[in-house]
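*Asks:* Take a look at the letters that make up each chain.
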Amino acid sequence: MTHERTLELLDDFVSGELEPREEREVRRHLMQCESCRAEEQALRALLDEAAALPDEVMPDDDLWQKIAPRLQARAAVAAETERTPEVRVIGPRPVRPLPWWMLAAASIALVIVTSLVTLRFAGRGAEPVLATQTAQPPRTGATAGGTPTALAAFRPAEQEYEKAITELQAALQARRGQLAPQTVATIEANLRIIDQAIRESRAALAADPNRPELAEMLSDAYDTKLDVLRQAVSL
Amino acid sequence: MAAPMLAENPPAEEVRTVDLTVRRAQQGDTAAFEQIYRANVGRIHALCLRLCGDPVRAEELTQDVFVRAWERMGSFQGKSAFSTWLHRLAVNVVLGDRRSESVRVHRVFATDEPEKFETPSMRGSDPGTAMDLERAIATLPPGARAVFVLHDVEGYKHEEIAEMQGSAVGTSKAQLHRARRLLREALGR
Numbered sequence: 001m002t003h004e005r006t007l008e009l010l011d012d013f014v015s016g017e018l019e020p021r022e023e024r025e026v027r028r029h030l031m032q033c034e035s036c037r038a039e040e041q042a043l044r045a046l047l048d049e050a051a052a053l054p055d056e057v058m059p060d061d062d063l064w065q066k067i068a069p070r071l072q073a074r075a076a077v078a079a080e081t082e083r084t085p086e087v088r089v090i091g092p093r094p095v096r097p098l099p100w101w102m103l104a105a106a107s108i109a110l111v112i113v114t115s116l117v118t119l120r121f122a123g124r125g126a127e128p129v130l131a132t133q134t135a136q137p138p139r140t141g142a143t144a145g146g147t148p149t150a151l152a153a154f155r156p157a158e159q160e161y162e163k164a165i166t167e168l169q170a171a172l173q174a175r176r177g178q179l180a181p182q183t184v185a186t187i188e189a190n191l192r193i194i195d196q197a198i199r200e201s202r203a204a205l206a207a208d209p210n211r212p213e214l215a216e217m218l219s220d221a222y223d224t225k226l227d228v229l230r231q232a233v234s235l
Numbered sequence: 001m002a003a004p005m006l007a008e009n010p011p012a013e014e015v016r017t018v019d020l021t022v023r024r025a026q027q028g029d030t031a032a033f034e035q036i037y038r039a040n041v042g043r044i045h046a047l048c049l050r051l052c053g054d055p056v057r058a059e060e061l062t063q064d065v066f067v068r069a070w071e072r073m074g075s076f077q078g079k080s081a082f083s084t085w086l087h088r089l090a091v092n093v094v095l096g097d098r099r100s101e102s103v104r105v106h107r108v109f110a111t112d113e114p115e116k117f118e119t120p121s122m123r124g125s126d127p128g129t130a131m132d133l134e135r136a137i138a139t140l141p142p143g144a145r146a147v148f149v150l151h152d153v154e155g156y157k158h159e160e161i162a163e164m165q166g167s168a169v170g171t172s173k174a175q176l177h178r179a180r181r182l183l184r185e186a187l188g189r
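Going line by line, the protein sequences match chains A and B. This note's numbering numbers the first residue of the first sequence as 1 and each following residue consecutively. This note's numbering numbers the first residue of the second sequence as 1 and each following residue consecutively.
These aren't lab readings, by the way, just hints derived from the structure by calculation. These numbers come from a predicted model, not from an experiment. Even for Gly, the Cβ is constructed at its ideal location relative to N, Cα and C. Any given hint might turn out to be false.
To be verified - Simulated restraints on C-beta separations: (1) A:E23 to B:A31: 47 to 55 Å; (2) B:D29 to A:Q169: 51 to 59 Å; (3) B:L187 to A:D60: 20 to 28 Å; (4) A:Q182 to B:V56: 42 to 50 Å; (5) A:Q169 to B:R23: 47 to 55 Å; (6) B:D29 to A:E19: 45 to 53 Å; (7) B:A81 to A:E23: 30 to 38 Å; (8) B:R23 to A:R176: 48 to 56 Å; (9) A:T183 to B:V56: 57 to 65 Å; (10) A:Q65 to B:G78: 28 to 36 Å; (11) B:R24 to A:L179: 52 to 60 Å.
With the sequences and hints as input, model every part of the structure.
*Replies:* In structure tokens, the structure reads:
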């Protein structure tokens, strides 16, 4: 297993969420690679700390004094419960198929915001992003001090996004025949807009790889694409 | 503080007491519900505080959780432990608040109140280390913070988190990776 692949799988490895075969391969690589082993130990130390956080943190005030007046008499509550007999405690956000024009509007707004910020950050009063894309020197993925850039640090997350997108696109492709041609066309139009936002955010990040806000923005654009794909798959 | 009434593996006698208290609360006994509140408020407040990163909002959410629990006591059928039911209800309340919050107002993290994470009632770990991590968690972006707290502190699986958030497993994994990286940076490790 390669060094890069090991680092990609390390999160799942320390959480014990890898398939046995991959777990064996990661373990084998860790035995040979000191830097990956250091990474693993740092992650495990963080998880140990998280697991050791206190179970309880008491509020400053006695909240019961504020809660008690808000409690309705049980009879009234029971009557309400009868009207909605099945209360789901936890579960996926109700699928709320948004009108496509709303998605399109959201996507367009995203592109506009992205473009503005792209110009603000990447341009920085100099040339716009598209011009800087071709003029950038080769990137090493790390700053001079050795700290990973925001771009390099975002890469594993981006791979997860791409994986999730590929899975959803495959699911959408399988359902394509069941959707009206007009619906397919609208979905594709929306995805094109979001892809543009992703491209612009990525270009901005490539132009200014040390700016975590741009990685954040790229992450938001990927989230939007995943949301649209999920909605389309559930149609 | 009272002994935890709803511990993970309580003795049989304690389970019977809890069952009775829950049943009384289901029948409208507010004194019984106050017992439930006092036994669980520390755990529910800790969850709200870590998930929302804002001490003031955490107290409001804690109140909302118990009011919601009171309203829904009738739907608790004893299929899981009451503490599990209440915990999941709390996660739902906080995540629901985050979704509606994101379309209303963007809240600023109240990280200028680190003393909120230093309360004497925090138990079970080295106070200095825990406080550093608590503060670092509070500064995470909301999505990454929620996944880190649910996965690495509370022990939920990615599949459960994705279901709770109505998102993909890949999104949950990406957010967790981001959260761990940001925390390590914040803690200088």
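*Asks:* Between the beta carbons of Q169 of chain A and R23 of chain B, is the distance compatible with 47 to 55 Å?
*Replies:* holds (50 Å)
*Asks:* So does E23 of chain A sit 47 to 55 Å from A31 of chain B, Cβ to Cβ?
*Replies:* Holds, since E23 of chain A and A31 of chain B (Cβ atoms, about 51 Å apart) stay within the stated range.
*Asks:* Just tell me: holds or violated, for the beta carbon distance of A81 of chain B and E23 of chain A against 30 to 38 Å?
*Replies:* holds (31 Å)
*Asks:* Take a look at whether the Cβ-Cβ distance between D29 of chain B and Q169 of chain A falls inside 51 to 59 Å.
*Replies:* holds (54 Å)
*Asks:* Starting from the hint 45 to 53 Å, judge whether the C-beta atoms of D29 of chain B and E19 of chain A obey it.
*Replies:* Since the Cβ atoms of D29 of chain B and E19 of chain A sit about 50 Å apart, the hinted range of 45 to 53 Å holds.
*Asks:* T183 of chain A and V56 of chain B, beta-carbon distance inside 57 to 65 Å?
*Replies:* Because 45 Å falls outside the window, the suggested range is violated.
*Asks:* Given a hint of 20 to 28 Å, does the C-beta separation of L187 of chain B and D60 of chain A actually sit inside it?
*Replies:* holds (26 Å)
*Asks:* Just tell me: holds or violated, for the beta carbon distance of Q65 of chain A and G78 of chain B against 28 to 36 Å?
*Replies:* Holds, since Q65 of chain A and G78 of chain B (Cβ atoms, about 30 Å apart) stay within the stated range.
*Asks:* A range of 52 to 60 Å was offered for this pair. Does it hold for the Cβ distance of R24 of chain B and L179 of chain A?
*Replies:* holds (53 Å)
*Asks:* Could you check the hint for me, namely that Q182 of chain A and V56 of chain B are 42 to 50 Å apart, CB to CB?
*Replies:* Check passed, 48 Å falls within 42 to 50 Å.
*Asks:* With respect to the beta-carbon atoms only, verify the hint that R23 of chain B and R176 of chain A lie 48 to 56 Å apart.
*Replies:* holds (53 Å)
Comparing the model with each numbered hint stated earlier shows that hint 9 is the single one that does not hold.
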